[in-house]
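Construct the complete structure from the given sequences, taking the supplied hints into account.
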Amino acid sequence: MSNQELILLVFTFVLAIFLGYELIKKVPSTLHTPLMSGANAISGITIVGAIVAAGATQDSTVSVIVGAFAVAFASINVVGGYMVTDRMLAMFKSKKKGGEQ
Amino acid sequence: MEMLIVLAYIVAAVMFIMGIKMLSSEATARRGNMLSAGGMTVAIVATLLNWAEISPTGYIVIAVAALIGGGIGAVAANRVQMTSMPEFVALFNGFGGIASLLVGCAEYWRQFIAIDNTLEGAALFIVSLAIYLAILIGGVTFTGSLIAYGKLSERIDGKPYLFKGQQFVNGAILLSIATCLVLFVLNPVAFGWVLIPALLLAFTLGVMGTIPIGGADMPVVIALLNSYSGLAACAAGFVIGNTVLIVSGSLVGASGLILTTIMCKAMNRSLANVLFSGFGSVDATAGGTSAAQGEAKALSPADAYFVLEAASNVVFVPGYGMAVAQAQHVVRELADILEANGCEVRYAIHPVAGRMPGHMNVLLAEADVPYEQLVEPGDVNPQMEMVDVAIVIGANDVVNPDARTNESSPIYGMPIIDVDKARTCFVLKRSMRSGFAGVENPLFFCENTRMIFGDAKATMQALVSQFKEG
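Chains F and Z are the protein sequences, given in the same order. Reading the first sequence from the start, the letters are residues 67 to 167 in my numbering. Reading the second sequence from the start, the letters are residues 19 to 488 in my numbering.
These aren't lab readings, by the way, just hints derived from the structure by calculation. Because the structure is a prediction, the values reported are computed rather than measured. Just so it is clear, CB atoms sit at the ideal spot from N, CA and C, and this is done for glycine as well. There's no promise every hint is true.
When the alpha-carbon atoms are kept at most 30 Å apart in a straight line, the in silico DSS-like pairs for lysine-lysine are as follows [as the list claims (entries may be wrong)]: (1) Z:Lys315 with F:Lys159; (2) Z:Lys39 with F:Lys92; (3) Z:Lys283 with Z:Lys39; (4) Z:Lys283 with F:Lys91; (5) Z:Lys315 with Z:Lys486; (6) Z:Lys283 with F:Lys92; (7) Z:Lys39 with F:Lys91; (8) Z:Lys283 with Z:Lys439; (9) F:Lys159 with Z:Lys283; (10) F:Lys92 with F:Lys159; (11) F:Lys91 with F:Lys159; (12) Z:Lys315 with Z:Lys439; (13) Z:Lys177 with Z:Lys283; (14) Z:Lys486 with F:Lys159.
In silico negatives: residues of chain Z with every beta carbon more than 12 Å from chain F [stated by the list, open to error]: (15) Ser42; (16) Asn51; (17) Ile90; (18) Gly168; (19) Glu172; (20) Lys177; (21) Phe186; (22) Asn205; (23) Trp211; (24) Leu218; (25) Pro230; (26) Thr423; (27) Thr442.
Here it is, written out as structure tokens:
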């Protein structure tokens, strides 16, 4: 990683924080629980790092084993997080749009 | 190929952003979540396409680990009860944290021990700092979330745990963490061993940071831990120089931080006060006894029926007690009967009702309550004088008028739902015990308040059958 690339990463980080702030401010309090579990699922993105570590078997066995555990934990987070969020959001219904009303 | 992967990461980041944007409306929220899941799939597939870095054995390892983890996640997500959502989210936060911690450890081993490290200057500094932070934040998130899970699921005592010299111990931990940080960043190869004490210190800090916080403050803690899990992913992103990790980690970090701020505002307390005061412990309650004592007037469900039968405007105020009693379905049944009776029904939901932000909304949505009937305190308070009956179900501190009037109360200044201003107020409660924060509630002794003692679900069922007979 060169210094140039590094600056870009820091730049991305700062912009993303601001973007996140603007985006999430608009989510109504009614949807805060799904927002949280959805955000939780997104934090499972660390699975990308875990895959990189677990896949590089030519470098080191230690990092592969540790990486494999990271993949497992992150997968729990990703799969469980998205599924439970979907389960919750499926329950939020408007009266006009139907149901048995 | 490398270009293609970078492009895929950009697509994934855009899908996350659009997904969160769509969460701002109930109509698009579900599609938003699917879009976000799609973004995750794109990011994962793109990473797997990197044949140059991943060996065939590596693919097998990844597939096995992902299947095990994904299977556990899927089963858990299908089985969890909506009432237990707070502890579920807390636990999953912890898994995100430990995953980032492990990525930090694995990458340290790979980049510094297994192969000769080629980094230098600022890049070396940032990567070693990021490794340290991924381990630190990930570790704090992990044990902090486990404690939060224990408290929320009542596997451990929910009361704040305080002991003499706590500040001193915490100070010592923070100092040691800072020392390890400096040593590690100065020479990550020679001082690699400090990661072991750093890891243990991070675990300890997570425990020490969460045990002094009482159950009623848990919404704040979960939101904060949510934020940490994002920041840990972000740190892992700096370790491997991956933009999609940094972008999505920051989104989650910002999200948790905003929710934390909202929760604190809804309780009129600063974050520092929530984290360090041990609210609701012995010393906090001493100053809080209110002068407004008196006799609480009890009411039987049969008498309550006559009042409700004549009511034309009813507001339900649910709290954690409704969740515990699993009363949301029968509440909705009663609401349907009242509506058929020509009565306007709404549900006033306080931002900190329940054990996590938006918890009550999820439970009521589970019981098929239409989205439009869920209102915030600010919308219902100005019309409270017009409300015939306000029915408080297992809520306590969020309807305590002391927050408005009694300056010596520990919850003074917290925005509440003004049920004491309604024409009649029913309080469904098991007993006269004070709430989770341990604060007396003068609402129970108000002129227009009637207490209906007993299990919330049983009381609601009694009311429903009264209507059916009458």
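Indices of hints not satisfied (ascending): Result: hints 1, 15, 16 and 17 break, sorted rising.
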